Amino acid sequence: MNYKLRLMYDGTNYAGWQRQDNARTVQGELEKALAVILRQPVTLIGVSRTDAGVHAADFTANFHIDSAIEPYKVCRGANALLPPDIRVTEVSSCHEDFSSRFGAIKKTYIYRIDCSPYGNAFYRNFAWHHPVPLDVEKMQQAAGYFLGEHDFSGFMAQGSSAKTFTRHIMESEISRQGDLIEYRITGNGFLYNMVRIITGTLVWVGRDKIQPDAIPELILSKDRTLAGMTAPAKGLMLMCAQYDE
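The sequence shown maps to residues 1 to 245 in the working numbering.
To be clear, the hints were calculated from the coordinates, so they are not data collected in a lab.
Computed from a predicted model, the values in this text were never measured in an experiment.
Take the hints with a grain of salt, since some may be wrong.
[Stated by the list, open to error] Only pairs whose alpha carbons sit at most 25 angstroms apart, straight line, appear in this in silico DMTMM-like list of lysine to aspartate or glutamate:
(1) Lys106 with Asp51
(2) Lys138 with Glu173
(3) Lys209 with Glu173
(4) Lys138 with Glu90
(5) Lys73 with Asp51
(6) Lys107 with Glu90
(7) Lys138 with Asp151
(8) Lys32 with Asp10
(9) Lys73 with Glu31
(10) Lys73 with Glu96
(11) Lys106 with Glu96
(12) Lys163 with Asp179
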């Protein structure tokens, strides 16, 4: 039988989602808790392999087991065993063919930038502190150029296992409230560190290192060295994934 989990986590103290032999990960903690509850090993499939320090507000995972379970008991039991920075919000049965990773038709991320002069204590693990002034209007203009279908090779970090590099971006918006800038991006998929590199590029636009109308040429170049820096992991949060169910 196939079961779907929805969870949220603060990624500050984890080496990312994916299980690793010598590091603490979200997948590792969750599989350990489920093994105790279900009295058998469980292998989770996650919607995204978030990096160390990246957070998730609504992360989807699924696992297969031979016997039926009572979802509410698994949810309650998992939260009793898990550390407080990982919370399971829902457990439900799903179609046998459902895959959290391959079934997602789009994902939404938000990247937060704290522009306050000295740093907000409450954002210290959830936003990139960037006290240098940023031209938000120019960043908004530049963000629009990422919409549509493009080859994002130039916005991918080394070490990616991706075989194809074209992704379709449906939402790319910058907003500001007080000292907090938020970049919201939705797409049918993302390359390794793609959102963080796009964010770093938008920050360079905000600092007048790149002009907004240079973005199309930068995308076409497929040259990572022309794009901005990779923004720190802690500002990134996976907000949700959408499935065609």
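Review point. What hints, given by number in increasing order, does this structure fail?
Key: 4, 5 and 12
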